[in-house]
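Protein chains: 6
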Amino acid sequence: MRLHVVNPNASAGMTEGIRAAAAKAAPAGVELMVTGAAGGPPSIEGPVDGAMAVPWMLKRIEEAEAAGVDGHVIACFDDTGLDAARCLARGPVVGIGEAAAHCATLVADRFAVVTSVPEALPVLRGNLARYGLASRCAGLRAAGVPVLDIDAGTPEALAAIRRETRAALDEDGADAIVLGCAGMAALAADLSEEFGCPVVEGITAGLSLVHALATSGLRTSKRGGYATPRKKTAE
Amino acid sequence: MRLHVVNPNASAGMTEGIRAAAAKAAPAGVELMVTGAAGGPPSIEGPVDGAMAVPWMLKRIEEAEAAGVDGHVIACFDDTGLDAARCLARGPVVGIGEAAAHCATLVADRFAVVTSVPEALPVLRGNLARYGLASRCAGLRAAGVPVLDIDAGTPEALAAIRRETRAALDEDGADAIVLGCAGMAALAADLSEEFGCPVVEGITAGLSLVHALATSGLRTSKRGGYATPRKKTAE
Amino acid sequence: MRLHVVNPNASAGMTEGIRAAAAKAAPAGVELMVTGAAGGPPSIEGPVDGAMAVPWMLKRIEEAEAAGVDGHVIACFDDTGLDAARCLARGPVVGIGEAAAHCATLVADRFAVVTSVPEALPVLRGNLARYGLASRCAGLRAAGVPVLDIDAGTPEALAAIRRETRAALDEDGADAIVLGCAGMAALAADLSEEFGCPVVEGITAGLSLVHALATSGLRTSKRGGYATPRKKTAE
Amino acid sequence: MRLHVVNPNASAGMTEGIRAAAAKAAPAGVELMVTGAAGGPPSIEGPVDGAMAVPWMLKRIEEAEAAGVDGHVIACFDDTGLDAARCLARGPVVGIGEAAAHCATLVADRFAVVTSVPEALPVLRGNLARYGLASRCAGLRAAGVPVLDIDAGTPEALAAIRRETRAALDEDGADAIVLGCAGMAALAADLSEEFGCPVVEGITAGLSLVHALATSGLRTSKRGGYATPRKKTAE
Amino acid sequence: MRLHVVNPNASAGMTEGIRAAAAKAAPAGVELMVTGAAGGPPSIEGPVDGAMAVPWMLKRIEEAEAAGVDGHVIACFDDTGLDAARCLARGPVVGIGEAAAHCATLVADRFAVVTSVPEALPVLRGNLARYGLASRCAGLRAAGVPVLDIDAGTPEALAAIRRETRAALDEDGADAIVLGCAGMAALAADLSEEFGCPVVEGITAGLSLVHALATSGLRTSKRGGYATPRKKTAE
Amino acid sequence: MRLHVVNPNASAGMTEGIRAAAAKAAPAGVELMVTGAAGGPPSIEGPVDGAMAVPWMLKRIEEAEAAGVDGHVIACFDDTGLDAARCLARGPVVGIGEAAAHCATLVADRFAVVTSVPEALPVLRGNLARYGLASRCAGLRAAGVPVLDIDAGTPEALAAIRRETRAALDEDGADAIVLGCAGMAALAADLSEEFGCPVVEGITAGLSLVHALATSGLRTSKRGGYATPRKKTAE
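Chains as they are written, first to last, in the numbering used here: chain A, 43 to 277; chain B, 43 to 277; chain C, 43 to 277; chain D, 43 to 277; chain E, 43 to 277; chain F, 43 to 277.
Keep in mind that the hints were calculated from the coordinates and are not lab data.
What you are looking at is a predicted structure, and each value in this text was computed from that prediction instead of being measured.
Cβ atoms here follow ideal geometry from the backbone N, Cα and C, with glycine treated the same way.
Be aware that a few hints might be false.
Said to hold, decoys possible - Take a look, some chain C residues computed to stay more than 10 Å from chain E by CB distance:
#, residue
1, E58
2, D191
3, L200
4, R205
5, D212
Claimed, not checked - A partial selection of chain D residues facing chain E, derived with a Cβ cut-off under 10 Å:
#, residue
6, A150
7, R152
8, F153
9, T196
10, T246
Bound conformation, chain A alone:
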C-alpha cells in the first residue's frame, strides 16, 4: 500500500521532520510518498497562511493521485484543505488534526490540545465543532511558541509545551493530550512517559487511520459534498 503524506507548509526542513516522523510511524507494508507544498508559505500560522497554502497542497494531492497512491495524510494540525483534498482523491484522506482527536477519544474520556500559538486556536476550535468532537475536548491551550521554533526544539519551546500539558491534565481535567502541531511529533513518547497518559501526535494517528480506512476498503463518499469537481473546475 502506498500512502501520501503532504506537508501543506513549504518549509523543506519541516517536510524532512515529517518524513522522519512518518517513516517511524508507518504501518508495516506501507510505502510512503512524502511531499511539501513548495510555492506556498513556509509555515501555516493562521488563516492567511492556510489559504495561500491550499492550492499548492492540492497540486501535490493531484500528483500523488496520478502516481496511484491509496490514501493521503494532510500533515498540518489545522487540517488545511481537507475538504478539497477529499473531492480530488479516490482513496481516503485524513487530516492529522482530526486523526489525533478521533484517536484520543478512543483511549480517553476527554482530551486537551496543546498547540503552538494562540492565533491557531479559533481554527482548531472551529474544526472540533464541525467534526462533532468539541464535547470531548477539555481544553485548547497554546504554548505561545512559533511553529518554526518548535521544529528547532529549543528548551524554551519544550518547557512551554510541558507547562501547558500539565495544566491541561490538572486544571482542565483532560486524561489524554493531543499535540496540536506537526512539529511536536518527536515529543510524544517522552511526554507520555513523563505524564503517564496517552499523548497523541497527528502524523502517527493520521497514517494509522488512513491505513485503517484503506485496508477496510473505505473511501470518501462522492454522494454529497465531496463529489468530484465537474470539469470546469480543473481549467
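With the hints as your guide, set chains B, C, D, E and F onto chain A.
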C-alpha cells in the same frame, strides 16, 4: 464611506450581477468598489473551487485595502476565505452567508436556507455550526440548479427555488427564507411577496451589516485568531 | 427614517443617558424617538423587574407604532419583552443584548459579556442559548455593581468593570467584550482603546442593526410565533 | 401542605377547568388554593398575551405567599412568568410545561409535545432549550386549535389532537406524549389508553413535582438569578 | 403505595444507611422495601463495579416486582442499570442521580455535582449528557474520598466535601449543589444550612419523584427502548 | 500482534459469523482470538440483555488479557460494556459501534445508522451523544428485523435493510451508511456497490481501528474514569 464587495467567483457576468444587486442595496452615502476574483474558478460549487478562489480573492482584499476602503463584503454564500480576509483588513469583513443568517434570526424564529446544488450543503452546514446559528436553522435545501443557471434565470431554476421555498415553510417549519446563493439576489422581493415572509438575500444583508459595523466603529479583533499575519506570510 | 429607542426602565435619568448615547450612535438620516417605560420599575435587575416593566414598554411600542416609526430598539440588555414587541410592530425590533452579541461575533471569534450584577447572569445565559450564540460566548461576568451606580459612573464601578474586562480577555480567552448594561454605553470607546479589542455596547449595535434591517426592507415574520395578536388580546 | 395553582389566563371558565383537574390530581394531604389572573388577557396564545398576563399572575403569587402556601404551580404550558414567580416565592415554584417535560423524560426516551396553535411553538421550543431538555424532545406539534376551543372540547379539536398524537409517535419516533396546553388535561387518560404510551399533562405533573420538592424541603435558590428583589422593585 | 429502594452496592452497611435515609425521606403513606445487591461488588466506584452489580440489582427489581411494588428507586448516583430496570418494571423507575439533577434544575439555574472519586466523573458526565441536563450543570467535582470513607463520615471526608461545595458555588457559579453519592445523604441538611442554597441528595429526590410519577399514574413507556424483554432474555 | 474479538452475545452461531467476518477483515500480521459470552443471553436486543451479558464478556476480556493480547474489539453494535472493558485491559479497546461511527465521519459528511429493531435505537442514540458524534448522524433507522433473523439472512431481512438504506440516503440526506448490527457484516460490500456510497460495518472498522491504536502505541488512559479497578473489585 467606501465599501468593497468582492465576488470570489471569476465569472465576469456574475460580478456584474453582484454589482447591480449591490448598487441597489447600498445604504445611503456608501461608495461601492466591486471586484471579482479573476484568475480563479468561474463559479464556486464545492470545496475545490473554494480553495482555488481564495488566493485571488485575497488579492482583491489587499488591493481594496490599499485603496482605503472602510469594509468588505465577500459575495459568495460559502463565505469563502472569510477568516483570511479578516486577518488582512483593517475594517470589518462580512460574508453574505453569515450576514443573511444573522439578519434572518433578527426577524424570524427559525430560517431555512434554499441554495443551488446539494454539494454546497455540507459547507453551509459547517458554517452555521461554527457561527453558532445551527439551532436557528430549520432546514437546508438545495434546488438542484447549478449557480450559472440560477444566474441566467431560467424558468426551471425559478420553479425549483419556489418549490423548495414552499417546502421549507410548510414542512420544515421555517418562518423566514435565506437565499443561499449570490445569484438569487434579484428573486428576494418577489419571493417575499409571494410567500408572505422575510426572504433574506446576502448581498443586501452583507452590505447593510458591514455598514452597521463600520458606522459603529467596530473592526475585527486582532487579539486572537484574526491577528495580522507576520511578515513571513507576505513574502 | 424614524427609529424608536425604548428604555424599559422607568428611571428618567437612565432614559436621558440612553438618549445621549443614541443621539451619538444614530446612523446618518435617522430621526430618533426615545421613550422610557414610565410606570414600571426604575431599573431592571432581575425577572420581577423585567416582568413588571414589559406592559409599560409595550405601551411605548404601540404609541411609537401609531407615530409611524420604522423600527424599534429595546434598550435593556435583558432584551426585555422582545418577543412581544415583535408581535406588535410592523417594522423590525432589535434588543440591545442580541444586537451586541451578533455584532461581536462578526468582529471576533469569541466574546465575553461584562454586566452589572450576578442576578442578571441567568437571564443573559438563557437569552444567548435561545439566540444560538452561547457557543460564541467565552464567559459571562458580573462586575457586582448595581445598574444605577454604573449610571452614576462612580470610580468603584469603573474599576470593577475594568477588572472583569481584563479577566475576560486573559482568563476566558475572549477576543471582544460586550458591555452587558445600557448604562455602560459611554465607556465603550475608552475600554476599546485601553484593551486593544472591540468593545461592543448595545445601543450603538441595536440602532445600527435595526437601521440595517429597515434599509434592507426586512421586518419580523408574521408566519410563526410573532403573528400579530388576535383582537381578543387588545381588549 | 397548601399548594397554590395559578392560572395566568383570566378566563374564569379555564380556571374552573384547572381547579377540577387540580382537585383530581392533588396528592393526598394537599390543600389547594386555585386562582386566576383576572385583569389580564382571557387566554395566552402568544408573547403579548404572556407579557400582559404576568403582572396579574405575580399578584396572585404574592397573595398566596401572604396566605402562607408551601409552593406554587403555574398552570400555563408556556411557563409564563416562572422566573419572576421564583424570585417572589419562599417555597418551590413549578411551571406545568417544565413539569410535564421533566416527568416525560423519566418514563420515556423521547417525548413529543402536542399543543394548541402554531404561534405557541417558538416559546415552547425556547423553553425546552433553556431547560436543557430539547435533546429529549422528538417533535413539537400544533393541532391548530385555539385554546378556548380545546377548553370547550369540540369534536374537531379532539380529532386534531389525536391526529397529531399519532404522527408524533409514528413519524417523530416519540415514545411518550406531552399535552401542551392546560386545557387538554382531561384528555390525558383516554389518549394514554388509546395510544398505549404515557400521556403527560402538566397540571398533574406540576402538582406532583411541586409536592415532591416541598416534601423534600427544596426551595428556590436565592444565591443566583432568583434572588428576592430588593425593595425598590416592590414600590 | 409500596416503593422499592435498591442499593446496587452489596455493602450491607451502606444499605442500612440508605434504609435510614429512605425512611426519613419517604413521603407520607409510602411503605418502603429496601434491598441491597448482595452478590455484587461491595461498592461501585467505576464501570467494572457497575457492570458486575447490575445483574444482582435486576434480581432485586424482579423480586420487588413479584412482591407488587408500585415503583423503584436505584440508590446509586451512577444510575447503575437504570435502563434495564425500566424494561423489567411495571411501574416507574428513577435513579437517584437523574432524580437529584432534575430536582436541582427546578430550584436553581445551574447546579454543580460534588461526588466521591474522580473515577466517577466520566460516568456522571455521560449520564447528564444523555438526560439532556449537561447545559444546566456548572461543574462536576470529586472530593477525592472513597465511597466507604464517606459512609464512615470521617472528618477528612467531610472537609473535602465542604471544600468542593464552596468551590462549586464560588468558582463554578452554581446556585445549587447535588451530592453525587448515596452515602452523602445525611450531610444535605447541614450543608444547605451552611452554604445557604439548595443541597439536593438523591435518595430524597428519587423517592419523591417516583412517588410523584406513581401518584400521577405515569409508568415507563413500552413503545420504544424500554419494551419488556422477549422471553428469550428471561432464560 | 494478537487482537481479541469478543461477541457479547452467547449465540455460538453468531460468534462463528463474527469469526468469519473478523478473519476476512483482519489487517495483515494480526493473529485473532475470537470468543463469545457463553453464559449470557443468546442475543442482545435491549438493555436487559446488555446488562446480563457484560459480566460474561468481561470474563472473556480478562482471559484474553491473561493470554497476552494487544487489544480488544467488542463485537456488538451497542458497545456493550465498553467502559468496563477499558478499565480491565492494558491495550486499547474499541466497540464496533463507535468504530463504525468514527470511520464513517472520516469518509462522509453525515452518516445514517441502519440497525435491527426499534428497541435498539435509544441505546445507539445515547452512545452517539456521549461519543460526541450525534451531530454527524443524519438518522437512526431500524429495519424491524430481529438480530437472529438478520444472522440467518432471510430475504425479508435483506429487503428491509435495503429499504431503510435507501430512505437514509434519500430522505435523511446521509452520504454514508453504518450497519448497526454485527450480523450485517456480510452485507456491507454488496450494499456499498448497490448504493454507490461507503457502507461501514463495525467488525472491519473495529479491527482496523484497534490495530491502528495498537501500532501507534496508544492505550487507554488510566488517569481518569478508566483507572484499573482497585483490588476490592476483583474479589
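Structure-based check of all given hints:
Distance to chain E confirms E58/C as a non-interface residue, since its nearest Cβ pair spans about 33 Å, more than 10 Å. At roughly 22 Å from the closest C-beta of chain E, the C-beta of D191/C stays outside 10 Å, upholding its exclusion from the interface. Under the 10 Å C-beta cut-off, the non-interface status given to L200/C relative to chain E holds; the minimum distance is some 24 Å. Every C-beta of chain E lies more than 10 Å from that of R205/C, the closest at about 16 Å, which supports listing it as non-interface.
D212/C, annotated as away from the interface, keeps every beta carbon of chain E farther than 10 Å; the closest lies near 16 Å. Interface hint status for A150/D: upheld, as the beta-carbon distance to the closest one in chain E is roughly 4 Å, under 10 Å. For the restraint placing R152/D at the interface with chain E, the shortest Cβ-Cβ distance is roughly 7 Å, inside the 10 Å limit, so the hint holds. Because the closest C-beta pair between F153/D and chain E is about 9 Å apart, less than 10 Å, the hint holds.
Proximity of T196/D to chain E is violated relative to the hint, the smallest CB-CB distance being about 26 Å (cut-off 10 Å). At a threshold of 10 Å, the smallest CB-CB gap from T246/D to chain E is about 5 Å, leaving the interface hint in force.
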